[in-house]
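> One line per chain: the protein sequences are A and B, in this order.
In terms of this note's numbering, the first sequence opens at residue 22 and continues consecutively.
In terms of this note's numbering, the second sequence opens at residue 11 and continues consecutively.
The set of hints was computed from the structure by calculation and includes no laboratory data.
In this text, a Cβ means the ideal position worked out from N, Cα and C, and glycines have one as well.
Treat the hints with care, since some could be wrong.
Claimed, not checked - Covered stretches of chain A, as calculated for chain B (at least 3 residues, CB under 8 Å):
hint : stretch
1    : 29–38
2    : 82–94
3    : 166–173
Said to hold, decoys possible - Subject to a maximum C-alpha distance of 25 Å in a straight line, what follows is the list of computed SDA-like cross-link-like pairs (lysine to any residue):
hint : chain 1 : residue 1 : chain 2 : residue 2
4    : B       : Lys140    : A       : Ile114
5    : A       : Lys64     : B       : Leu146
6    : A       : Lys64     : B       : Leu69
7    : A       : Lys382    : B       : Lys52
8    : B       : Lys82     : B       : Lys140
9    : B       : Lys52     : B       : Glu33
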Amino acid sequence: MEELNLKALLADESFINYCKGYPAQDVDKWEQWLQDHPQYRKKVEEQRRLVQPMAHHVAVTTAEDNYLRLKERIAKKNKKPDKGFRISPWLKIAASLLLICSISYLILRQSLLLKSDHNKQSIVIPGEDKALLTLADGSTISLDEVAVGTLALEGGVRVEKTKNGQLIYSASGSEIQNQTASNTISTPKGGQYRLILPDGSKAWLNASSSLHYPIHFENNERRVKMTGEVYFEIAKLEKRLHGRTERIPFYVETADQEIQVLGTHFNVNSYPDEPGIVTTLLEGSVRITSSLNGETVLLRPGQQSFLDKHLVVSAADVEQQVAWTAGDFIFKSESLASILRKVSRWYDVDIVCPPHLGKLKFDGIVSRSQPLTSIMDMVEITGKAKVKLTERRIIVTD
Amino acid sequence: MPLIKRHDLKEHWNTFVVEECEEAFYQIYEYYHHYLSYVGTKRGFAMDVIQDTINDVFLYLWENRIKNSTIKNQHNYIITIFLRQLFRGDAKKYELIPTMATLFENCEIPSVEDGYIQRYTEDEVGRFVKEKVAELGEKQRLLIYQKFYLGLSYHEIAVANDISINTVYNTIYKSVDKLRNLLTAEQETFLKIAIGALSTFFLFFLENQ
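Please take these sequences and the hints and turn them into a complete structure.
Written out as structure tokens, the structure is:
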């Protein structure tokens, strides 16, 4: 009697179907084969009696094990205390002032819209250099409305607005009074701003972003907090300690991670409506630490880290990530949903886009100073979708 | 407890939402664990990613049960949020999905009748297998799940697990073979004990003649 090649049998999809008893044509086929080869019936029957219970019990345990993992997550979530992020009073004031300003702006806009001619399509202009600065004493300055020149003198530091939408902090030489004072700069939708921090580091804020920083950096470390998207060029700073020169590290904190910088150029994209925090390094070196689970990575130039639940490092398309600092949008096989989120922030419009269209991919380079219609045209020309603008809302249809 | 059917879903969903009944929740979870594993593996995702995503979905469903109590088509809703979450971090595998509702509409998991399962899982061999299957390796159990229970093709399993199709054949064969040998050994032992007991009985009987 020829030895039955069980392995070959199991590799046959129809044989496995026979063992499972479904579909009927495979069952009939193998029944016929067994009638022609009755000597194998015993061995095949052994096989068949095993397959179904194996399938069933493995399925039950797989689902149960995963369910236990889910229960653990639910339990952990219910136990988790509030995040220990200390909200400085200035941030609270800045936030409430920003809220008041936003509400006033919205009310004003509503009343203006009511007055305007409804048949005329509203002209959507691109973003510009605008931001709100909150000083240490809580007072705020709308940076696009105020004139060029010295805006404030606080704690021995001069805050100056220069011509090209930029803010510069410099030591004014007078006595240092308040070492712990902080300022916050925040950009609305459709805004952007550059600033030069007290240590000479440069920060460039994209729309819907904010940066909270001390006006006087301590001797041991420089620490700032940010939201949204900011591009940094951090100045190298050294101090003398026991005759040795040591670099003073610069720390950037966002909601879920901390970046330690020694002197370098990098971009942080931490918008809450994006899938994760993307940090792209151009020059120098940074260490990223996730505050979710303590994972840490060291980036080299040309790399980026992605933080959602875990930190993942990959090669970066640097040009694309920092295109906004050069005044451009660069889309490389980017989903329409992602493109529209960026458009929403820069042009300050709402988006309505069905999920199946949001997955369409587009390539292109568009200047950020172009009106919104340029990007709408870019999408419509491909014929893949129709884009309509009404008031301040973009509606995407087939 | 037997796996629920698709048309039972609405009733279980209501029980779960209204009474916060964990049992109903688990039954929905179990059904969709298999269904979504099938969907996700067919699209080439690895099991650990799929399982995490399933849990993401059900965590969301649990936390938003009141808010979502008015959802009309629970089946499509679950599939939609699952796929959205699955493709969220993996731009490379992003594809244009035409209409969610028509996807996999006609596929039923498991691809076998309940009565059949009952017959073979509750007999002696079935109980034995239940015990021994826990001794199989994690990878072996995963492939058995995908091949024997979910009914995916060897090619689909190889792609999703990122292994060669030969490895899949070998792993499955080894697991079945191991269980078959264990079963034969067990039956032989049983037989030996039975013979031993019988012999003792006869000896005793004969002696007393």
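> If a hint holds in the structure, say so; if it does not, say that too.
Cross-check of the supplied hints:
1. Taking a C-beta to C-beta cut-off of 8 Å, the stretch 29–38 of chain A contributes 4 residues in contact with chain B, enough for the three needed, and the coverage statement holds.
2. With 8 residues having a Cβ less than 8 Å from any Cβ of chain B, the stretch 82–94 of chain A passes the three-residue criterion, so the hint holds.
3. With a threshold of 8 Å between beta carbons, the proposed coverage of the stretch 166–173 of chain A by chain B is violated, since 0 of its residues qualify and at least three are required.
4. For the given pair, B/Lys140 sits about 63 Å from A/Ile114 by alpha-carbon distance, which is inconsistent with the 25 Å threshold.
5. Of the pairs offered as hints, the one joining A/Lys64 and B/Leu146 holds, with about 22 Å between alpha carbons and a cut-off of 25 Å not exceeded.
6. Taking the CA atoms of A/Lys64 and B/Leu69, the gap is about 46 Å. The hint is violated against a cut of 25 Å.
7. For the given pair, A/Lys382 sits about 23 Å from B/Lys52 by alpha-carbon distance, which is consistent with the 25 Å threshold.
8. Simply put, B/Lys82 and B/Lys140 have alpha-carbon atoms about 38 Å apart, too far for the 25 Å limit, and the pair is violated.
9. A threshold of 25 Å between alpha carbons decides the hint, and for B/Lys52 with B/Glu33 the separation of about 29 Å lies outside it, so the pair is violated.
In summary, the structure is inconsistent with hints 3, 4, 6, 8 and 9 from the numbered list given earlier, while agreeing with the others.
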